[in-house]
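Protein chains in written order, with numbering that gives the first Met the number 0: chain A, 0 to 468; chain L, 0 to 380.
Heads up, some of the hints might be wrong.
[What the hints assert, rightly or not] DEER-style ranges, computed between Cβ atoms:
| hint | chain 1 | residue 1 | chain 2 | residue 2 | range |
| --- | --- | --- | --- | --- | --- |
| 1 | A | R232 | L | A17 | 48 to 58 Å |
| 2 | L | L183 | A | W203 | 49 to 59 Å |
| 3 | A | G225 | L | R333 | 36 to 46 Å |
| 4 | L | E261 | A | S140 | 57 to 67 Å |
What the hints contain is simulated information worked out from the structure, not anything from laboratory work.
Bear in mind the structure is a predicted one, so any value in this text is a computation, not a measurement.
Where is the CB? At the ideal position from N, CA and C, for every residue including glycine.
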Amino acid sequence: MNPDVAYVWRQILNHVSLFFTAEARAHLEGDTVRFLSWDEAQRSTGSHLVIPIDIPASVDPESPYTVPFNGTELTLWNRLPRPSTPNWEPIPCETRPLWYRHRTGTLLPAWNLYGTLFGLLTFQEELRSSQRDGHGRFLASYSPRYRRGLLEVPAFNEAVAALVDACTALDTDAEPQLRLGPALRPPAIVLSHDCDVLYGNDLWTQGVRAYRVFQPLARARAPRLGQLWWMGRNAVTPRRYYFDNLTGMVDLERSFGYRSTFYALNGTGGRFGARNGTRGLDELAAMVPDGWDLGMHYNYDTFLNRDRFQAQLDQLKHFTSKDMVSGRAHYLRFDPERSLPFLESCGIEVDESAGYSDGLGYRCGIGGCFEAYDTTARTPRAIVEVPMVIMDTTLVIQYAEVAIATVRRMLTHLQHVGGALSVIFHPGVFHNPEFPEMLGIYHRILVECRRVGARALTARDLVNALQRN
Amino acid sequence: MENSALTVRFAAADEAAACNDLHNRLYQEERTIEQWRWEFVSTIFQHPQIPFSVVDDGGTIVGTQAFIPIRMINRDGVFWTAKSEETLLDPAYRGKRLLGQMYDCLFEYAAEHGLRYVWGFTPADKALRRVGFDIPTRTSQLIIPFYCRDLPVLLQRAGINKPAGVRDRIRLAGFKIGCVAARLASAARFARAERVTRRVSTSHALRLQVLEQPPEQSDALCRRFVSQWGGTTIFRDADYLRWRIFENPYVRPIMCAAYDGEELLGWAIYSMGDDGAGYLVDVLVVTEPNRPYTPEDVVRRLLVQAVRSIRNMGAIAIRGWHVNDHPFAELVMRVARSVGFHHVRRGQSVVVRAADPQATSMSQNFAEWYVTRIFMEGTVG
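Required output: the full structure, derived from the provided sequences and hints.
Structure, rendered in structure tokens:
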């Protein structure tokens, strides 16, 4: 098999193992699915699912459309024409096809399934764009999917859900039912917390508050004297609303039967660095209970800098006495080509940096995880990416009063197609009256997760589950 | 039992969904079948017929009434009782005395299966008096408000969130001022209690631990509790705690236990409800007289931990119950006040009935019960 195709197929099987039953995986593992050229696919007959692999996929989604499926809607783009050979019928309908079905039973996806998924998992839309913000990040608003309103579509999950249904149908010589039934496992929630600030009285945090006091004067407005209250409050009780929130988050998650990962920040200080230095790291490590995970929050200046990265990692290991194999970049600094190889070479096994800082979205089109791919050597890498989908303040800024309804919508969709939703919540905004719009948001997110019967997995759990497969 | 076309009978094993649907329809909730089973199909009281009666109108369930079998303990030993729960009747069927008929089924069941008392909590005093319940007292609240900006939730509960006239506005203003004052008083008392706790905890071997499993010593602790403090209370052995606390499908309350070395001294159980309020579900402590700490010291340490934890979880307030004059309940209230709780005399009626209608008045008996929020057998613990 073509290595690129083998890579995509491996990710599909991994995904099925994590979010579907063993029976569902068995349906896919047989000889049912074949990756062929477009010409070969058109000429195929018999009970097979044929996926064309030689059609270039545009990173700019072409003609998106929706198809009803398992109580939700799949959103497809890069539509394929109906095969030119006779006896192919669209399912479920001509205007919005999910499959083309030959009268002998062969199924062919009605959209460029392989090309689209390969492009998303290998960051093609970012590699083909030079747009970056001041921190060197690719923003949600730069994505061609953003312009089409497709960033909240877990394209990979939807494609796999359709494949599971199709393969199950082929094994029983039936038409795809467009529903999944008991093949689907409950969605997963991957919770994590970047511990940027553990004490609210550091120089930078207090300085930012002082700046906010006087900032309105520049626009001839009254100073924000309320900031003085928070400055005074954290000067007296620095842990309040910061370190104390960590214990609150653990207790809250415990009461839902959930677990999470805490990413600790240390190393160079400064506005974009570790504001608390190494203060509280040992206490943080002691506070994280069994079952929860502690990972590394790569400092701003460690971005693709091996010496600084190693120094931070060594310091973190020294203070916490724990292995660090999971991590996320501070400020989500992530290079689609170089970051994952770099992190892999530094001993990181699972990364959660591939998310957007300015909006919700499935950056790689997947709600779950995937192995990184070396496009030069054409082999999967030993590092797994769990793309972050929802960030605390971004959710509230983007969706305001419908923030929780949005989480509900996304979870409900994953409930119907399978997958995991990665959510990051900073301790400093979890429960902090300084940010009143954030009060209660995390709790309500967890209530929504419980409503759909979500199970909690850490990024490390996902890697362990993949290794067991 | 029949009332024209209506039949009152026990629910069949395959009617869980129909019974649950009535609840979801009347309360506009999304309770799942698993949650229904957790609540009513006890893993401890194992009997083929669960005590769950229904009103059936031509195949449609229009009324439900359940007993949740609960073991209690006093100095004479452990015995079965039942909590009255799931009192629901479709509004279109009210006034037909169906509630009494559903209860009749269940009282017969209770007598046959040795459920000595039936008890519960209700705002519908009159209806339950009619079916033979005593109302010995009402619950009252122990409460610490944490955040006055979340007043709307509390106001909604007090029924004055939408002032209609001058009188309401004055009440609202009074309520707000009262909340701010209560919060400040609580904060000051809590800070003092934290200092006391720190001082006491460094002077002896007391340690607190959040448990992931029910402690096996809980059975013995309950026996020692009734031996030391007297009265009657729920028998919180490991099976009970596993069912109610650790396998709770809604919110799994946090059980913080106090130990002296390896010896279990007691616990505080607390949780945060979906409404954002924290709940002090249970407090139980037993200490021997020759120890360097008093029961008050242990209770204070547990309460401080519960308040701190609930506050850090982002709750708007923490609420517990005080119901009667049981000596340990009095101790808890005394310590709770020193930790910052306020005692508010608002709550529901307690209803109790002996399964044997010839038994003596339950009011006198109930005064000896030690009751906490764990008696609610509700979603938050």
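Hint check results:
Between R232/A and A17/L the beta carbon distance is about 54 Å. The supplied range of 48 to 58 Å therefore holds. The given range of 49 to 59 Å is broken by L183/L and W203/A, whose C-beta atoms sit roughly 31 Å from each other. Between G225/A and R333/L the beta carbon distance is about 38 Å. The supplied range of 36 to 46 Å therefore holds. Between E261/L and S140/A the beta carbons are some 59 Å apart, a value that agrees with the proposed interval 57 to 67 Å.
Hint 2 from the earlier list is the only one contradicted by this structure; the remaining hints agree with it.
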